[in-house]
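**Student:** Here is how the chains run, residue by residue.
2 protein chains.
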Amino acid sequence: MSDSSLLLNPIGRVVSVLTDRSTAPRQGDEGAPDAWIDIDPAVADGIRDLRVGEEIVLLTWFDRARRDVLLVHPRRRFDRPAVGVFSTRSPDRPNPIGLHQVTILAIEGQRLQVSNLEALDGTPVIDIKPLLGPVSER
Amino acid sequence: MSDSSLLLNPIGRVVSVLTDRSTAPRQGDEGAPDAWIDIDPAVADGIRDLRVGEEIVLLTWFDRARRDVLLVHPRRRFDRPAVGVFSTRSPDRPNPIGLHQVTILAIEGQRLQVSNLEALDGTPVIDIKPLLGPVSER
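Chains as they are written, first to last, in the working numbering: chain A, 1 to 138; chain B, 1 to 138.
FYI, nobody ran anything at the bench for these hints, they're computed from the structure.
Wrong hints could be hidden among the right ones.
Pairs count within a copy or across copies, as identical chains cannot be separated in the list.
The calculated lysine to any residue pairs, modelled on SDA-like cross-linking and capped at a C-alpha distance of 20 Å, are [said to hold, decoys possible]:
#1 129 x 19
#2 129 x 17
#3 129 x 23
#4 129 x 79
#5 129 x 18
#6 129 x 109
#7 129 x 13
#8 129 x 20
#9 129 x 25
#10 129 x 99
#11 129 x 92
#12 129 x 107
#13 129 x 29
#14 129 x 27
#15 129 x 96
#16 129 x 9
#17 129 x 76
#18 129 x 62
Predicted model only: the values in this text are computed from it and were never measured.
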């Protein structure tokens with residue numbers, strides 16, 4: 001059963017020194033390196049108002065994750081009970097979307113440098129959103 | 001060009017009194033109603049550790065959005081300059097993923113009731129994640 005209306009179109013790719021899932025940090029604030037995002041020229045207009053110093057929410061697609069996992073052992077502690085995957089941030093999940101709060105460190109043409117990103121090199125980027133401030137400032 | 005590895009499989013659907021985009025609130029904290037999420041029985045194990053009172057991040061797919069929009073007028077203020085879509089929370093964007101921070105109000109079998117959700121009735125739900133607490137508690 002295929003429904004192309006639910007097909008993601010990557011807007012860019014992660015360029016990172018991280019290439020191996022087994023040694024990657026579990027979250028951005030657990031020692032992840034800075035990384036670059038190569039934005040697809042087709043969506044360049046969409047990033048034109050991003051600025052250095054802004055905090056953004058980056059959505060990625062963990063393309064090396066398993067999608068058939070519903071119960072996981074958080075932090076690979078197999079001595080503890082398995083937990084429903086929607087109570088965890090495991091990359092292995094039915095729709096392996098990564099949610100990363102990062103700061104824009106540099107912008108060079110269609111490349112963004114961001115802080116502390118735990119996604120692997122080559123990971124598709126699927127969306128960028130601003131952090132929401134107070135209602136009065138929207 | 002189709003790559004089924006980037007195909008989303010909905011894990012549930014929104015059941016809401018909101019049916020019309022033109023009258024829906026723009027964000028959950030701008031007067032959105034409580035709503036139910038019908039979880040697909042195939043992924044029921046994944047929600048088994050969710051509890052009433054928890055704050056979660058709900059990811060939805062705005063299936064009535066336009067995907068060809070790169071510049072938008074925030075809040076439909078056409079007297080102001082258009083802004084790159086990745087600097088906005090507009091549902092119209094290349095991958096129309098909704099990000100909603102909500103509280104679980106009730107759980108009845110495979111249905112979750114959540115607070116202040118601005119997604120329309122029938123909207124596919126694609127992921128649920130816990131809010132991340134301090135590193136020491138993960």
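**Student:** If a hint holds in the structure, say so; if it does not, say that too.
**Tutor:** Hint check results:
1. 129 x 19: Cα proximity of residue 129 and residue 19: none, with 25 Å in one copy and 24 Å across.
2. 129 x 17: neither (24 Å within a copy, 26 Å between copies)
3. 129 x 23: Neither. Shortest intra-copy (28 Å) and inter-copy (23 Å) distances fail the 20 Å Cα cut-off.
4. 129 x 79: neither (38 Å within a copy, 23 Å between copies)
5. 129 x 18: So residue 129 and residue 18 fail the 20 Å test inside a copy (23 Å) and across (23 Å) alike.
6. 129 x 109: Answer is within: at 19 Å inside a copy they meet the 20 Å cutoff, but 33 Å across does not.
7. 129 x 13: within (16 Å within a copy, 23 Å between copies)
8. 129 x 20: The answer is neither: 27 Å in one copy and 24 Å across copies each exceed 20 Å.
9. 129 x 25: Intra 23 Å, inter 18 Å, cutoff 20 Å: inter-copy only.
10. 129 x 99: both (10 Å within a copy, 9 Å between copies)
11. 129 x 92: This pair counts as between: shortest inter-copy Cα distance 12 Å, intra-copy 23 Å.
12. 129 x 107: Intra 16 Å, inter 30 Å, cutoff 20 Å: intra-copy only.
13. 129 x 29: both (19 Å within a copy, 17 Å between copies)
14. 129 x 27: both (19 Å within a copy, 13 Å between copies)
15. 129 x 96: Both: 18 Å inside a chain and 11 Å across chains, each within 20 Å.
16. 129 x 9: within (16 Å within a copy, 22 Å between copies)
17. 129 x 76: Classified as between: cross-chain Cα gap 18 Å, same-chain 31 Å, threshold 20 Å.
18. 129 x 62: both (18 Å within a copy, 15 Å between copies)
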